[in-house]
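Residue numbers (this note's numbering), protein chains in the order written: chain R, 1 to 227; chain C, 228 to 452; chain E, 453 to 520; chain Z, 521 to 756.
Among the hints, a few may not be true.
[Stated by the list, open to error] 20 Å max Cα-Cα, derived DMTMM-like pairs, lysine to aspartate or glutamate:
(1) C:K249 x Z:E608
(2) E:K494 x R:D70
(3) E:K487 x R:D219
(4) Z:K578 x R:E31
(5) C:K387 x C:E276
(6) R:K67 x Z:E713
(7) Z:K728 x Z:E608
[Stated by the list, open to error] Listed next, the stretches of chain C that the computed footprint assigns to chain R, with coverage defined by at least 3 CB atoms under 8 Å from CB atoms of chain R:
(8) 389–401
(9) 442–452
[Claimed, not checked] Derived contacts from chain E toward chain R, CB cut-off under 8 Å, selection only:
(10) Y463
(11) G464
(12) F465
(13) A467
(14) M473
(15) Y475
(16) I477
(17) R482
(18) N483
(19) E489
Source of the hints: derived by calculation from the structure; they are not laboratory data.
None of these values were measured; they are calculated from a predicted model.
We put the beta carbon where it would ideally sit given N, CA and C, even for glycine.
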Amino acid sequence: MREKLVYILAIVGAVLLAWNLYGIFTVLPDEAAQGAIYRIIFIHVPAAITAFTGFFIALVLSAMYLKTGDLRYDSAAASVTEVSFVFACVNVATGSIWARIIWGIWWTWDPRLTSMFVCLLIYFGYLMLRKAIDEPTQRGRLSAALSIFGFVDVIIVWKSIQWWRTQHPSPVLSIRTGGGNIDPAMEHMIYRDLLAFLLIAAAIVLVRMRQEMIEREIDSLRRLAHA
Amino acid sequence: MNPLLQALWVARKDLAIEFRTKESLNAAGAFAVVILLLFSFVFDPASPEVATIGGGLLWLCFAFGGALIFNRGFARELPNECLDALLASPVSASSLLAGKAITSFVLLLIVEAVSLFVFGFFYDVRWWLHPLKLFAVCALATWGIAILGAAFGAMTVNLKLRELMLPVLIYPLLLPLLMAAIELTNNLLMNQVTSDSLLWGRVLLVFDIVYTSLAVALAETILVN
Amino acid sequence: MDTRNFLFMFYGFLAAWVIVMIYIITLARRNSRLKRELDDVKRLLDVKETRAEDRTASLPHGRGSVQG
Amino acid sequence: MPPAIRLEAVWKYYGDYPALRNYTLQVAEGDCCALLGRNGAGKTTLLRVLAGLSPFQKGDISLLGWKPRSGEARRNTGFLGHGIGVYEDLSARENLRFFATVAGMKQAHSPISSWLERVDLARVADIPVRQYSRGMRQRLALARTFLASPRILLLDEPFTSLDDRAIAMMGELLRDARAGGATILFSTHQIREAMVIASHVTLIEQGKLRYSGVRTQEMLDDPGHLYREHTELGGF
C-alpha cells in the first residue's frame, strides 16, 4: 500500500515536472533583461517554498512528538527535515548560479543569503545531532527541541526581504505583493512546479520514513539481543 | 521555593565551584586574549580602521570564549551523577537551566571586561565613551549567548561528541544576536549612535525574549529523557 | 528562445538535478545498509535463542541452577 | 490507606524496545520493598521512572497521590542512584546546605549539623569532598538523600560498593526512616541482605513483573527460592 503510494506520488510528480519543463523552455516568453537564465526561478523559488513548507511541517511534527511521545511523529519530522534540507541546498545552488550571471558574484552577504546559509547550518546541525544520539526516545526529544529553536531562523529568512533592503530581489509572488510584480503565466508556472516538487518530496519522505522505521526496529532488536 | 530563587542558588553553587577551581574562567579568558593577539597580525593594529571592525573582533572573542564556558556548565554535573541528583530534587528543570545561564552570564561578563581592557590596551581604541550603553549591549547580548549556551549545553551533555556538537549547533543560532551586537558595538566604538542602533537594539531584545521563553518552556524536554 | 546566458541556465537545472540525484543515491545505499544490519541483528538473536534453549534443555526439570 | 507507591500497567520504551512491560505494583506506606532482578532486567529503569528522571509512555504512576516529576512528588522523594550525587569541589557542609536550600528547607543549619554528626563527618565537614575517602563520600551521599526527611526513598543498588561500616549505617538509617513512616523501594542483587531488610519483595525480569508480595520466612531461609519459582530461565 505504502509502496504503491510512493510510486504514484513519484510518477505523478515526475510527469508533471516533465510537462512543466516543456512549458518552461518552449511556451513561456523570455524575460527582457536577463536572457535565458531567468528560467532558474522556476527551480529556485519552488525549491525554497518546498523546503520551508517542509521545515514548518517538521516543526509541527516535532511538537506533536513532544506532546504524544509517539515515535512515528519523530520519524516523520526527521524525514521531512532531511528532504527539506536537500531542497534548501537546491535553492541555494541555483540561486548562486543565477547570481554569478546577474550580480557577477557567486555569493553576497546580504540578510537574505546570510540567514539562508544559517538555516542550512542549523538543519545540518539537526541531522548531525540525530546521528550523535543512539537511544531513539532521547534522540526524538532533543531533535524536536532543536527543530523548535531552529525554526526561528526560517522565519527570519522568510521575512528578511521585507525587513531589510537586500540585494536579493524583493518578493514576486502575488500572495505577498498583492500582484503586479510578475507575469501571471510565469507565476502560474512557479506554482505548477511547486506542486511537482511537493509530490516528489512527499514520495522521498515516505521512503525515508520507512528507513527510520527499520532503523528503530534494528535498535530494538539489538537491545533485545543484549538484554 | 520560588523558581527564580532556585535558579539563583544553582548559579551561586556553580559560581562558588568555579571561583574555587577557575577551570572555565582561566580557559575562556586566556582564549579570548589569545584571539585578540592573533588578530593583531590580521590587520594593522595602529590604523584607524580598528574602531570600525572592533565590534566584530570583540564579539568573536566573546562567542568563542563563551563556548568554553558553557561546555563546562552542565559537564560540571556529570561526575558523581550530580545531574540526576539535581533533577530528582525539587529544583525544576527550568530553574536548573536558568541557573546555568546565570552562571555563564556572570562568567562571560568577567571575560568580556578583561578582554575590553586588553583590547583598549593593544589597539588603542577608546571603548569607554558610552560606558552605560556599552554595558547594556554587552548585558543583553551576553544573556542571549548564555541562555542558548545553557539550553544546548544541556542538550549535548550526554553525547560522546559533546565538545564538537555544541559549537556546531549554537553558532548558527547565535548569528542574528552576534550581528546585532557587532553593529551596536561598532557604533559605540566609532562614537556614532544612529537610528539603526535602535533597530539592532530591538533585535537583541527580541532575541533574548524569544530564546529565553523557548529555553524555559523546553527545559523539561531537554533535560528529562 | 533568447540564448543569452543559456549555459548558466543549463548549469542551474543540472545542479538541481545532481543534488537530488546524489541524495537519492545515498538513500538507496542506506536502504541496502539497513537491510544488511537488520539481517545481522536477526541472526544475532537466533544464535542467542538457540543457546538459551540448549541451556534450559540440559538442566534438570528445565530450570537453571542457583548460584546466588 | 492508599499505597504510597502505585504503578498501574506501566510501559516504558527505549525506542520500540519495551524496558518496562505492563508493570503493576503497589507499595503501602511504611513498607520496605526490595526490587529484585538480574542486570538489565529493568530495575534501574523502574527507579529512574519513579524518580522522574525518565519519562514513561503508558500506564499510571502515583507517589503519595502525585505524578512522578511533579514538584510535590520530588519534594517528598529521596533518590540515590549509582553515583553519589555530591560535588567534589564543595565541602560536605556546603553540599548539604545547597541541597537543603533548593529543597526549600528553612533553618537547615541544625538538621545539617546533626546529619553530619550522624554520618560521622562533623570533624571533616569543611574539607572539600575531593579529599574524602570512599567510605566518607558514601556516608555523605546517605546524608544528602535522607536530609530533607523524604516520605519515599528510592535507592538504586544502595549496598553495592559500600564498606561494612556504611552498610551498617544504611541498615540503621532505613530502619529509622521506616519507623518514621517512610516508604522504601530499593533495588539490589544481593538477595541475602535484601531479604533481611525488606518487608516485601517484587521481582522483575525483562521488564515484566514476576512476583510481588510479602517477604516470607521461606525466602529468608532460602533466598534462591524466589528466582526458581518465578523466573522463566530460573537461577541467576
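Okay, the hints, checked on the actual structure:
1. About 14 Å separates the Cα atoms of C:K249 and Z:E608, which keeps this hinted pair within 20 Å; it holds.
2. Straight-line distance between C-alpha atoms of E:K494 and R:D70 comes to about 25 Å, which puts the hinted pair past the 20 Å bound.
3. Of the supplied pair hints, the one linking E:K487 and R:D219 holds, its CA atoms being roughly 13 Å apart against a limit of 20 Å.
4. Proposed proximity of Z:K578 and R:E31 is contradicted: the alpha carbons are some 60 Å apart, above 20 Å.
5. For a cut-off of 20 Å, the pair hint linking C:K387 to C:E276 is broken: about 43 Å separates their Cα positions.
6. Distance restraint check for R:K67 and Z:E713: the Cα-Cα separation of roughly 43 Å exceeds the 20 Å cut-off, and the hinted pair is therefore not satisfied.
7. With a C-alpha separation of about 38 Å, the suggested pair Z:K728 and Z:E608 falls outside the 20 Å cut-off, and the hint is violated.
8. Only when three residues or more bring their CB closer than 8 Å to a CB of chain R does the claim for the stretch 389–401 of chain C stand; here the count is 6, and the claim holds.
9. For the stretch 442–452 of chain C, the proposed coverage by chain R is satisfied: 4 residues have a C-beta within less than 8 Å of a C-beta in that chain, meeting the threshold of three.
10. The restraint placing E:Y463 at the interface with chain R holds, with a minimum CB-CB distance near 5 Å, inside the 8 Å limit.
11. Restraint check, E:G464 versus chain R: the minimum CB separation of about 4 Å is within 8 Å; hint holds.
12. The restraint placing E:F465 at the interface with chain R holds, with a minimum CB-CB distance near 6 Å, inside the 8 Å limit.
13. About 4 Å separates the beta-carbon of E:A467 from the nearest beta-carbon of chain R, less than 8 Å, and the hint is met.
14. Interface hint status for E:M473: violated, as the beta-carbon distance to the closest one in chain R is roughly 10 Å, over 8 Å.
15. At about 5 Å, the closest approach between the beta carbon of E:Y475 and any beta carbon in chain R falls short of 8 Å, and the interface hint on this residue holds.
16. Proximity of E:I477 to chain R is violated relative to the hint, the smallest CB-CB distance being about 12 Å (cut-off 8 Å).
17. Because the smallest distance between the Cβ of E:R482 and any Cβ of chain R comes to about 6 Å, under 8 Å, the interface hint for this residue holds.
18. Because the beta carbon of E:N483 sits about 6 Å from the nearest beta carbon in chain R, less than 8 Å, this interface hint is met.
19. Residue-level restraint check for E:E489 holds (minimum Cβ-Cβ distance to chain R is 5 Å; threshold 8 Å).
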